[in-house]
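For the protein sequence lines, the chains are W and X, in the order given. Adding 108 to a residue's 1-based position in the first sequence gives its number in the working numbering. Adding 32 to a residue's 1-based position in the second sequence gives its number in the working numbering.
Bear in mind the hints are in silico, worked out from the structure with no lab data behind them. All of these numbers come straight from a predicted model, not from anything done at the bench. Don't take each hint at face value.
Taking CB as the label site, the calculated pair distances span [said to hold, decoys possible]: (1) X:Ala-231 to W:Lys-188: 29 to 37 Å; (2) W:Asp-146 to X:Gly-435: 40 to 48 Å; (3) W:Asn-159 to X:Lys-358: 33 to 41 Å; (4) W:Lys-187 to X:Asn-294: 22 to 30 Å; (5) W:Glu-120 to X:Leu-255: 16 to 24 Å; (6) X:Ile-447 to W:Asn-159: 41 to 49 Å; (7) X:Tyr-329 to W:Lys-187: 48 to 56 Å.
Derived coverage of chain W by chain X (criterion: at least 3 residues anywhere in the stretch with Cβ under 8 Å from a Cβ of chain X; other residues may be distant) [as the list claims (entries may be wrong)]: (8) 161-170; (9) 201-208.
A short list of chain W residues far from chain X (calculated; beta carbon distances all over 10 Å) [to be verified]: (10) Gln-142; (11) Gly-144; (12) Asp-146; (13) Asp-148; (14) Asn-191; (15) Lys-224; (16) Ile-226; (17) Lys-233; (18) Ile-238.
Quick reminder that beta carbons are idealized off the backbone N, C-alpha and C, glycines included.
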Amino acid sequence: MTSKTTKDNSKEKRILIVDDEPDVNAVLKKVLKQNGFDADAYDDPILALENFKAGSYDLLLLDIIMPRMDGFHLYQEIKKVDNNVKVCFLTASEMYYQRFRKEEFCDLDGDLFIRKPIENEDLVKQINKIIDQAT
Amino acid sequence: MSQSQLFINLVKSAKSEMLLLLPTINAFMREHRIGVLQLFKELSTTLEEGRARDIRILTPTNDAIDKIIEEMKITTTISTTSVPKEESMSPFSPNKDNNSHLGIRYLESEPELNVTTVTILVVDRKASLVIEKVDDSKESFIEAVGLSTYSTSEPTVISYLSIFENFWNQIELYQQVKEANERLTLHDKMQQEFINVAAHELRTPIQPILSTVGLIQSSNQALIRKEELDDSINLIARNATRLKQLSEDILDVTKIESRSLNLRKEVCDLNDIVRNSIDEYNRNQVIQSKKNIDIKYTSHEDKIFVEVDRNRIAQIISHLLSNAFKFTKEGSILVNVVLDQKSKQVSVSVKDVGRGIEPEVFPRLFQKFASKSFQGTGLGLFISRSIIEAHGGRIWAENNSDGKGATFYFTLPVIKSLQQPTYFM
């Protein structure tokens with residue numbers, strides 16, 4: 109069993125997943141919960157944005173290719189609401205990440221993306237790494 | 033007689049054909065100044081002893097020359113379509129039809145020094161005038177030109193003729209190569225894009241499978257509840273099926289694009305294919321669980337014979353049905369088979385009461401990866417269109433006029449139908 113991440117922050121880290129594939133959402137939510145996170149998921153980016161409140165999450169995992177609003181525009185909108193929230197793109201295509209990044213979001217620092225598909229254990233490891241990074 | 037006078041006289045004497053090669057931009061401008069182009073234009077619009085003249089000019093070009101030619105409305109025959117190949121290449125019948133023709137092709141660059149730095153005029157394949165230039169920078173004809181060689185000797189004239197024809201044809205070949213290269217580059221780019229999108233689509237369903245298996249492996253399996261296990265199995269099955277469909281669709285697309293999609297056509301009854309597809313669809317478990325949707329089928333003919341690849345047509349019908357199901361929450365899906373005896377076409381329509389087609393998707397509906405819908409591959413309609421068109425039919429879609437849902441139609445040519453004794457082939 110994947111080791112529970114007890115970073116001794118007493119409080120569960122809260123993660124929001126936005127991916128247009130309901131199956132991906134459902135299963136990642138399960139994985140995160142099993143590993144001691146508190147996770148919410150939306151398959152509609154617009155709905156995710158409408159319900160988003162500043163300070164309510166430690167990390168956002170955003171898919172890139174989504175109907176109605178792609179992950180990068182969602183990122184921009186969410187940053188307007190909460191400029192401090194950490195965001196990581198969860199994408200099945202690194203190419204999309206690089207392309208969008210080049211075209212629209214040069215200010216993104218670091219390679220904040222996780223490529224799907226990813227093993228549960230690796231996903232948890234990467235998430236912990238991002239959350240633990242100093243803000 | 034001055035060189036320019038000789039030049040003009042020679043041009044005026046042309047009965048059937050006149051070829052002029054100008055080596056430089058300035059050479060063109062000088063000829064233009066002494067009125068040669070205007071003369072050519074006139075000659076090309078008048079008949080000589082009832083016969084039309086074929087007049088062709090080879091020249092480098094720039095904006096100024098483009099403008100002159102534009103104003104004189106001279107045909108530029110750069111593309112292969114404007115002058116039939118046989119006509120321009122045939123050595124002994126320069127002008128078959130009675131339409132005079134004044135054509136211009138552009139030399140991509142000024143000819144290399146060792147090929148020609150001379151102006152070449154060939155008239156009626158009987159006389160040639162070759163004018164050397166001593167100072168290309170001079171604006172006037174007289175100042176710029178040097179030694180001229182006038183000849184009516186056949187070997188000389190034919191040699192210059194062949195120089196002209198070689199340049200003329202070379203431009204056409206160059207253009208063809210350039211166009212072919214552009215097409216290849218574009219195709220390459222589209223192919224790369226397809227691979228990128230396909231890779232993305234293939235990776236996506238792997239995540240739920242991988243994560244679910246991981247979850248099961250990492251938990252105490254004896255403690256997993258039955259419902260939870262069923263959910264997991266269904267989720268794995270659903271995504272595995274999607275991967276299977278995707279891999280088949282990608283293979284189909286590859287076949288379509290390399291033109292190696294083979295159809296095994298046979299004469300069969302379209303109603304039979306439609307009925308079988310619906311029956312098969314009704315047996316599908318997922319469909320059975322959606323009890324609030326039913327399929328209604330109507331056809332006015334007993335048998336409608338078409339020559340088709342039975343499996344491929346069934347594939348399209350089942351794809352249209354699955355689309356209709358996907359977007360319908362409840363109600364009836366209507367499948368209608370209508371024979372149009374006049375056009376000898378049969379149309380099959382699948383009408384749903386779903387959410388309809390979004391306007392922004394409409395123009396790209398039958399393209400690859402046009403829509404990204406849950407459980408869809410985004411390739412089904414592209415494949416359907418290719419298959420239907422390969423059968424000589426058409427496929428299209430409309431949003432229903434009552435604002436509820438959409439209808440997909442496809443047509444196929446009919447061989448014959450039964451139950452209508454008045455209808456014969």
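Hint-by-hint comparison with the structure:
1. Between Ala-231 (chain X) and Lys-188 (chain W), the C-beta spacing of about 33 Å keeps the proposed range 29 to 37 Å intact.
2. A hinted range of 40 to 48 Å for the beta carbons of Asp-146 (chain W) and Gly-435 (chain X) is consistent with their spacing of about 42 Å.
3. Between Asn-159 (chain W) and Lys-358 (chain X), the C-beta spacing of about 26 Å breaks the proposed range 33 to 41 Å.
4. A C-beta distance of roughly 53 Å is found between Lys-187 (chain W) and Asn-294 (chain X), which places it outside the suggested range of 22 to 30 Å.
5. Between Glu-120 (chain W) and Leu-255 (chain X) the beta carbon distance is about 22 Å. The supplied range of 16 to 24 Å therefore holds.
6. In this structure the hint that Ile-447 (chain X) and Asn-159 (chain W) lie 41 to 49 Å apart at CB is violated, the actual value being about 59 Å.
7. The supplied range of 48 to 56 Å is met by Tyr-329 (chain X) and Lys-187 (chain W), whose beta-carbon atoms lie about 53 Å from each other.
8. Three residues within the 8 Å Cβ limit are the bar, and the segment 161-170 of chain W against chain X gives 0, so the coverage statement is violated.
9. With 3 residues having a Cβ less than 8 Å from any Cβ of chain X, the segment 201-208 of chain W passes the three-residue criterion, so the hint holds.
10. A Cβ of chain X approaches the Cβ of Gln-142 (chain W) within 10 Å, the least distance being about 7 Å, so the stated non-interface status is violated.
11. Every C-beta of chain X lies more than 10 Å from that of Gly-144 (chain W), the closest at about 13 Å, which supports listing it as non-interface.
12. No beta-carbon of chain X is positioned within 10 Å of the beta-carbon of Asp-146 (chain W); the least distance is around 17 Å.
13. A cut-off of 10 Å between C-beta atoms confirms that Asp-148 (chain W) is not in contact with chain X; the least separation is 17 Å.
14. Non-interface status of Asn-191 (chain W) relative to chain X is upheld: no Cβ of that chain comes within 10 Å, the nearest being about 30 Å off.
15. Once the 10 Å rule is applied to beta carbons, Lys-224 (chain W) is inconsistent with being away from chain X; the minimum gap is 5 Å.
16. At the 10 Å boundary, the C-beta of Ile-226 (chain W) falls inside the reach of chain X, the nearest C-beta of that chain being 7 Å off.
17. At roughly 13 Å, the least C-beta separation between Lys-233 (chain W) and chain X is larger than 10 Å, which holds for a residue marked as non-interface.
18. Consistency note on Ile-238 (chain W): stated as away from chain X, and its beta-carbon is indeed over 10 Å from all of that chain's, at 18 Å minimum.
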